[in-house]
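Chains as they are written, first to last, in the working numbering: chain A, 24 to 450; chain B, 24 to 450.
Take these hints with a grain of salt, some might be off.
Chain copies aren't distinguished; within one or between two, either way the pair holds.
Said to hold, decoys possible - Below, a list of computed lysine-lysine pairs in the DSBU-like style, where the Cα atoms sit at most 35 Å apart:
id, residue 1, residue 2
1, K432, K214
2, K92, K120
3, K92, K26
4, K432, K92
5, K92, K403
6, K403, K214
7, K77, K92
8, K406, K214
9, K28, K432
Derived from the structure by calculation, the hints contain no laboratory data.
As the structure is a computational prediction, the values presented were derived from the model and not from experiment.
What follows is each chain in one-letter form.
Number of protein chains: 2
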Amino acid sequence: MSKFKALPGFRDFYPDDFAVRAHIVGTWREVARRYGFQEYDGPPLEPLELYVEKSGPEIVQQLYNFTDKGGREVAMRPEMTPTLARMAGARAGGIPKPIKWFSVPQLFRYERQQRGRLREHFQLNLDILGEEGVAADAELLAAAVDMLRAFGLTAADFVARVSDRRLLRALLLHAGTPEDQLTLVYNIVDKLEREGRERLIARLTGEAGLTEEAAGAVVDIFRHRELDAVREAYGADPEVAAELARMAECFAMLEAMGLRDYVRFDLTIVRGLAYYTGIVFELFDTRGELRAICGGGRYDDLLKRVGGTDLPALGFGMGDVVLRELLADRGLLPETARRVDFYVIAVTEAERSAALSLVHGLRDAGHSVEYGFRVQGVGKQMKAASALGAARVAVLGADEVAAGVANVKTMETGEERRVPVEELLRP
Amino acid sequence: MSKFKALPGFRDFYPDDFAVRAHIVGTWREVARRYGFQEYDGPPLEPLELYVEKSGPEIVQQLYNFTDKGGREVAMRPEMTPTLARMAGARAGGIPKPIKWFSVPQLFRYERQQRGRLREHFQLNLDILGEEGVAADAELLAAAVDMLRAFGLTAADFVARVSDRRLLRALLLHAGTPEDQLTLVYNIVDKLEREGRERLIARLTGEAGLTEEAAGAVVDIFRHRELDAVREAYGADPEVAAELARMAECFAMLEAMGLRDYVRFDLTIVRGLAYYTGIVFELFDTRGELRAICGGGRYDDLLKRVGGTDLPALGFGMGDVVLRELLADRGLLPETARRVDFYVIAVTEAERSAALSLVHGLRDAGHSVEYGFRVQGVGKQMKAASALGAARVAVLGADEVAAGVANVKTMETGEERRVPVEELLRP
Chain A
24 MSKFKALPGF RDFYPDDFAV RAHIVGTWRE VARRYGFQEY DGPPLEPLEL YVEKSGPEIV
84 QQLYNFTDKG GREVAMRPEM TPTLARMAGA RAGGIPKPIK WFSVPQLFRY ERQQRGRLRE
144 HFQLNLDILG EEGVAADAEL LAAAVDMLRA FGLTAADFVA RVSDRRLLRA LLLHAGTPED
204 QLTLVYNIVD KLEREGRERL IARLTGEAGL TEEAAGAVVD IFRHRELDAV REAYGADPEV
264 AAELARMAEC FAMLEAMGLR DYVRFDLTIV RGLAYYTGIV FELFDTRGEL RAICGGGRYD
324 DLLKRVGGTD LPALGFGMGD VVLRELLADR GLLPETARRV DFYVIAVTEA ERSAALSLVH
384 GLRDAGHSVE YGFRVQGVGK QMKAASALGA ARVAVLGADE VAAGVANVKT METGEERRVP
444 VEELLRP
Chain B
24 MSKFKALPGF RDFYPDDFAV RAHIVGTWRE VARRYGFQEY DGPPLEPLEL YVEKSGPEIV
84 QQLYNFTDKG GREVAMRPEM TPTLARMAGA RAGGIPKPIK WFSVPQLFRY ERQQRGRLRE
144 HFQLNLDILG EEGVAADAEL LAAAVDMLRA FGLTAADFVA RVSDRRLLRA LLLHAGTPED
204 QLTLVYNIVD KLEREGRERL IARLTGEAGL TEEAAGAVVD IFRHRELDAV REAYGADPEV
264 AAELARMAEC FAMLEAMGLR DYVRFDLTIV RGLAYYTGIV FELFDTRGEL RAICGGGRYD
324 DLLKRVGGTD LPALGFGMGD VVLRELLADR GLLPETARRV DFYVIAVTEA ERSAALSLVH
384 GLRDAGHSVE YGFRVQGVGK QMKAASALGA ARVAVLGADE VAAGVANVKT METGEERRVP
444 VEELLRP
């Protein structure tokens with residue numbers, strides 16, 4: 024045993040685990056491609072200031088940050104959005120809008136370890152820059168939903184809960200929340216599901232200074248679980264009505280795409296992060312057993328602040344850890360058993376050279392091929408072929424080499440056939 | 024413009040650059056697959072001690088190392104081999120040999136910046152563990168050569184220069200080098216091509232304390248450019264003869280694979296790293312304009328030291344930076360222009376919903392599809408389709424929607440055809 028171990032919270036990906044990760048990342052890439060998104064990447068190490076600018080100085084305690092040998096304050100990236108803002112800011116002028124980009128960075132956070140929580144994960148980041156219309160929100164939501172559908176998950180397995188910060192704002196103002204208490208109220212109602220009505224009203228009147236009446240009105244907002252119910256209750260307020268119309272349009276577009284079953288209106292989705300400005304959403308497993316699978320929304324002000332370019336923007340992040348748990352729960356992880364197309368056997372040392380020639384020819388034709396590094400009996404080589412999951416075994420004895428053929432056994436059926444080497448090598 | 028920039032020596036991968044990186048990494052993966060190698064990965068952050076154990080304390084000045092918030096001394100990985108040794112050491116007992124693994128880590132080195140030298144790069148690492156026979160060396164060399172052939176490079180573009188540390192050792196001993204001066208002599212002859220005969224002899228007699236005669240004999244070794252010439256000159260020494268026979272066997276295997284033109288015997292390939300124990304090689308562009316494209320060899324003692332498991336091992340590293348320069352020089356970089364399979368056009372707002380349905384149906388069938396987020400005239404939408412490199416444009420007007428068809432234009436030929444939507448959606 025080595026005296027060294029991986030750092031706590033960091034994963035080793037042995038081939039079986041890597042195969043699952045490759046399946047997840049590969050599926051994300053495939054769906055992104057269908058949606059016309061282009062992949063980008065940035066450095067895993069960035070100036071510390073980039074993250075402080077976006078999230079405030081409190082973020083530093085969660086970062087892998089240090090002073091590099093050139094005296095620069097740097098941090099391993101805890102999220103991708105600041106890098107995206109920086110990169111888009113540097114070139115946005117020259118790129119046609121909307122910009123549809125995605126990335127699959129590994130992200131790092133120094134969290135106090137609990138419940139096997141990791142300190143790194145891979146996260147799909149998919150963003151649309153330069154489009155303020157609601158069609159972009161529908162596109163983003165559809166992409167998030169299809170990312171999961173592509174793994175074989177259905178509406179029975181997950182749901183996207185969708186709200187809009189502008190709608191929530193209009194409703195809170197309508198209920199009598201003072202404008203300067205909005206942020207505080209967002210933070211309080213974000214915990215809505217975990218706290219009772221009494222406790223919420225106490226916090227709204229206490230911490231946010233709302234009147235008893237306004238606090239009650241705020242809590243009542245969240246009793247409405249359908250868009251129609253909200254319209255019936257508050258639709259007379261023109262600001263609320265305008266926001267409801269936008270949300271309804273988004274849902275109609277998802278309906279047109281055949282995805283309406285996957286999205287549910289839910290005003291309790293606030294998303295703590297201060298920078299969201301419009302439609303926000305989170306994807307959850309329907310059994311409610313796991314943390315959010317995905318979260319995102321519109322953040323129209325961030326690029327100006329961090330990237331120096333004033334572009335509306337929206338996007339989501341989807342990590343590999345919760346998704347993997349969900350796929351495992353539902354029996355949707357891929358087969359990771361080894362397999363190769365061919366195993367080539369030289370019967371004796373004399374056929375060794377011909378065997379190497381066949382091995383290389385098959386590989387050049389695109390097949391995956393294995394063979395034994397040591398001269399062994401045919402039986403032992405056959406065993407090795409089975410262990411490697413070979414689909415076919417090509418045996419070369421003296422007769423076969425003389426005749427320019429190989430004796431090819433299809434392992435699944437046991438069928439054997441003499442095949443001209445020339446035919447085997449045809450691409 | 025953003026006030027933030029990437030750190031010096033770190034690259035942003037905008038979509039065009041990312042596409043080239045994806046081409047390089049994708050080609051590596053494809054060749055590794057054909058050779059039956061399995062992909063693995065480890066953490067980009069490891070205990071500092073892991074690298075000190077392998078390379079000595081001098082390595083620290085080149086590392087991105089720091090103390091994490093838990094008081095651990097850590098470093099961003101400067102190379103993959105220690106992680107491989109650690110991971111293999113932890114599980115080697117349970118894995119059938121030979122182990123054929125590869126990885127494509129991003130690696131980090133704090134080097135004083137010069138000539139645009141980068142501080143990060145991606146490096147293919149391909150290793151075989153648990154096989155001491157020369158067939159594994161031939162397999163490794165063949166894989167290195169095929170990694171480049173797969174990009175369209177030929178024997179006119181690159182060559183693998185191959186030596187053997189055991190052969191060199193036997194020759195140096197034969198020439199009269201004292202055993203305890205071997206390491207020093209390796210280091211001196213490693214610079215052979217850059218220094219003249221006089222200077223070399225001066226260093227061999229001065230620094231390594233060789234006699235004039237031995238120093239002359241050492242320098243003479245490197246005048247032999249062919250295996251046969253070395254055999255003729257030194258083959259009477261039984262140790263040299265045994266090493267020559269092994270090398271000849273390796274070359275014969277590469278000949279059988281049809282790759283003999285890509286490898287050249289070259290005793291000047293020493294590879295500075297102290298841990299190589301057998302066949303060593305480097306791949307260079309034939310014009311000699313670039314740094315080495317790839318380097319590797321056999322390191323039979325390292326796993327025991329770092330990984331705690333005594334397995335013979337061999338492997339190579341191939342970075343993305345020099346390779347990319349070579350591909351650019353030879354006009355072998357891939358096309359990175361955008362393209363999508365379909366662009367869907369709604370003639371008016373009334374067809375919007377049908378268009379979204381078609382968009383999603385086509386995506387579900389596996390096509391990449393774009394459309395406009397805003398309602399615009401058909402002409403403008405056609406222009407957008409061209410800009411996105413759409414292969415086909417599907418137009419939906421009122422008539423088409425009523426008839427359940429789309430008017431499909433193939434952009435390359437200009438041909439237009441009314442196609443039932445059902446037919447378009449067939450996978």
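Hint-by-hint comparison with the structure:
Taking the closest pair of Cα atoms, K432 and K214 never come within 35 Å of each other, the shortest separation being 63 Å inside a single copy and 52 Å across copies. Proximity of K92 and K120 under a CA criterion of 35 Å is satisfied in neither setting, with 39 Å inside one chain copy and 42 Å between copies. Proximity of K92 to K26 under the C-alpha cut-off of 35 Å is found in both arrangements, the shortest distances being 28 Å within a copy and 22 Å between copies. Taking identical chains as interchangeable, the C-alpha atoms of K432 and K92 are never at most 35 Å apart, the minima being 60 Å within one chain and 58 Å between chains.
Taking the shortest alpha-carbon separations for K92 and K403, neither the intra-copy value of 55 Å nor the inter-copy value of 52 Å comes in at or below 35 Å. For a Cα distance limit of 35 Å, the shortest separation of K403 from K214 qualifies neither inside one copy, at 63 Å, nor across copies, at 46 Å. Proximity of K77 to K92 under the C-alpha cut-off of 35 Å is found in both arrangements, the shortest distances being 25 Å within a copy and 22 Å between copies. For the homomeric pair K406 and K214, neither the shortest alpha-carbon distance inside one copy (59 Å) nor that between copies (48 Å) is at most 35 Å.
For the identical chains of this complex, K28 and K432 are neighbours neither inside a copy (43 Å) nor across copies (59 Å), given an alpha-carbon limit of 35 Å.
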